[in-house]
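Here are the chains, one letter per residue:
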Amino acid sequence: MRNKEYRVSDIMTCCISNMLQDNETVFHGVSSHLPMVAMKLAKSMHAPELVHLNIPGGVNPSSIKNASYSSAGADLLGTAEAYFPLEEVFDLSMRGKLDVAFLGGIQFDINGNVNASVIGDYHKPKVRLPGGAGSAVLIPTAKKAIIWRVKHDKRTFVEQVDFTTTRGNLWKIVTPLCVFEFRKGKLYLESIHPTSSFEEVRDNTGFELLYDEIKFTPEPTEQELVMLKKIDPYDYRSIEF
Amino acid sequence: MKEAIQIIKDGDTISFGGNVLHRAPMAAVREIARQNKKSLKVVKTAGAQDIDLLCSMDCIESVDAGFVSYETKYGLANHYRKGVQTGKIKGNEHACYTVICALRGAAMNVPFMPVKGLNAGDLLVKNDYFVVVEDPFSGEPITLVKSLVPDVAIIHVHECDEKGNAIIYGPKFEDVLISRAANKVIITTEQIVPESKTKLNADRIDIPGFLVHSVVHVPKGAAPASCYKKYEIDDKSITSFIKMESKDEIKMYLKDYESRDYIGERMGRAL
Numbered sequence: 000m001r002n003k004e005y006r007v008s009d010i011m012t013c014c015i016s017n018m019l020q021d022n023e024t025v026f027h028g029v030s031s032h033l034p035m036v037a038m039k040l041a042k043s044m045h046a047p048e049l050v051h052l053n054i055p056g057g058v059n060p061s062s063i064k065n066a067s068y069s070s071a072g073a074d075l076l077g078t079a080e081a082y083f084p085l086e087e088v089f090d091l092s093m094r095g096k097l098d099v100a101f102l103g104g105i106q107f108d109i110n111g112n113v114n115a116s117v118i119g120d121y122h123k124p125k126v127r128l129p130g131g132a133g134s135a136v137l138i139p140t141a142k143k144a145i146i147w148r149v150k151h152d153k154r155t156f157v158e159q160v161d162f163t164t165t166r167g168n169l170w171k172i173v174t175p176l177c178v179f180e181f182r183k184g185k186l187y188l189e190s191i192h193p194t195s196s197f198e199e200v201r202d203n204t205g206f207e208l209l210y211d212e213i214k215f216t217p218e219p220t221e222q223e224l225v226m227l228k229k230i231d232p233y234d235y236r237s238i239e240f
Numbered sequence: 000m001k002e003a004i005q006i007i008k009d010g011d012t013i014s015f016g017g018n019v020l021h022r023a024p025m026a027a028v029r030e031i032a033r034q035n036k037k038s039l040k041v042v043k044t045a046g047a048q049d050i051d052l053l054c055s056m057d058c059i060e061s062v063d064a065g066f067v068s069y070e071t072k073y074g075l076a077n078h079y080r081k082g083v084q085t086g087k088i089k090g091n092e093h094a095c096y097t098v099i100c101a102l103r104g105a106a107m108n109v110p111f112m113p114v115k116g117l118n119a120g121d122l123l124v125k126n127d128y129f130v131v132v133e134d135p136f137s138g139e140p141i142t143l144v145k146s147l148v149p150d151v152a153i154i155h156v157h158e159c160d161e162k163g164n165a166i167i168y169g170p171k172f173e174d175v176l177i178s179r180a181a182n183k184v185i186i187t188t189e190q191i192v193p194e195s196k197t198k199l200n201a202d203r204i205d206i207p208g209f210l211v212h213s214v215v216h217v218p219k220g221a222a223p224a225s226c227y228k229k230y231e232i233d234d235k236s237i238t239s240f241i242k243m244e245s246k247d248e249i250k251m252y253l254k255d256y257e258s259r260d261y262i263g264e265r266m267g268r269a270l
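Protein chains in written order, with numbering that gives the first Met the number 0: chain A, 0 to 240; chain B, 0 to 270.
Just so you know, the hints here were simulated from the structure itself, not pulled from any lab data. All residues carry an ideal CB built from backbone N, CA and C; glycine is no exception. A hint or two may mislead.
To be verified - Quick list of simulated restraints, FRET-style, between CB atoms:
1) B/Asp255 <-> A/Thr220: 45 to 55 Å
2) B/Met251 <-> A/Val126: 27 to 37 Å
3) B/Met251 <-> A/Gln222: 46 to 56 Å
Excised from the complex, chain A in its bound form:
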């Protein structure tokens, strides 16, 4: 008997959690509640020695329950085991010692170009976006870059991005509909979430879907859902939805 009491935000969180391995050093930045919860979930389930790094510099915060409006707040240091500030997290990545970085973006294309800068012309933008924050230096230097985006439509997955904030060295992109993997210079459809369908992914993606076989993302397990309620009782993982 499978538990159907889960939402897309739960699938995304669990699926990201399962990409993380024990002993990895993992960084998330500002406006990153869903990856923050996924990291905590991984630590609580299969990766107890995962090292959680963040902007305020708290290494392995024991709780994320008070990080309500910010994933860059002092709570992440208040309950941490050590202080390792942001500039040193960047230095760590430059030395090739950051295993995973979580980054955002507004537009993506099949060639792995990421836009977090502008819609329209770079110097005369139609929309000035917040900016890529650390992504332009972290995507090229982290061993694995995972991108999450809670929108999946033809304005997000486009034929060609308006501006390339950074490119290449992506590993996975997780959306509310599916997971893409970047290999051989292209985005491949890796798995479709059980709440979606091939047709839905196809109809909402602005480029051709490349895939080897059609697979589905595993559903969250009972244990994962129980743990999510415990570590994230206020449902920060759904803030962006």
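On the provided structure of chain A, position chain B as indicated by the hints.
Just chain B, lined up with the frame of chain A:
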């Protein structure tokens, strides 16, 4: 406060402490807006209401930052966004790390810093503060970022003595670095403590007084941003600011904070 902010000249490069909605020196930012400074160039890894408020009052010419936005719950920094879109403000987009490197360059008084990582994407193509050169030692290409020297850094701290010896509790973000990179440092502080107390914690001083130009006592000087273990963000204030569109509304907002922003000095006089 009035006096401290008067050292800022139109056209100066300014750097603020804190990060997004945390420990930004908001009382000083509001005073800059009240004094109607113009053509400021702001340098910060990740800004939110500090940059947005100064953009709304037309104080800013350019912003060098990796990220300018509120977090998820509050949405984009619309005054900044509109300023860049209409061409009033130049948005110099960095990766946050390149701002750090540009400040490190300033702290060492060298014209540029080599920076790794920035070898993909078009930020280095479209912006003139990044240049790719050949490493004279290995012959490999390396990106340089131009150093950014703030004329003035403004940092809000938890405690500080009258000489400016300052201690930050909790996350320091880039504050220690900007205090070394800037020509002048203004400290706003929750609390002025006697020198005898800071002396007991000399090894905990983050910013030594000899680097500090002026000290302003402003309890709740980061509000509506948060200050570690002192206060959380003021949700109501931020929410109401975000809805404001006209300069008149924002002037009222600044007026509303005026007595709170000068309270520390009044307390000082009463002593």
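So the hint says 46 to 56 Å: do the beta-carbon atoms of B/Met251 and A/Gln222 match that?
Roughly 53 Å apart at Cβ, these two residues keep to the hinted range, so it holds.
Starting from the range 27 to 37 Å, see whether the pair B/Met251 and A/Val126 falls in it by beta-carbon distance.
29 Å, holds
Range hint 45 to 55 Å: satisfied by the CB atoms of B/Asp255 and A/Thr220?
About 51 Å separates the Cβ atoms of B/Asp255 and A/Thr220, which means 45 to 55 Å holds.
Consistency note: the structure conflicts with none of the earlier hints.
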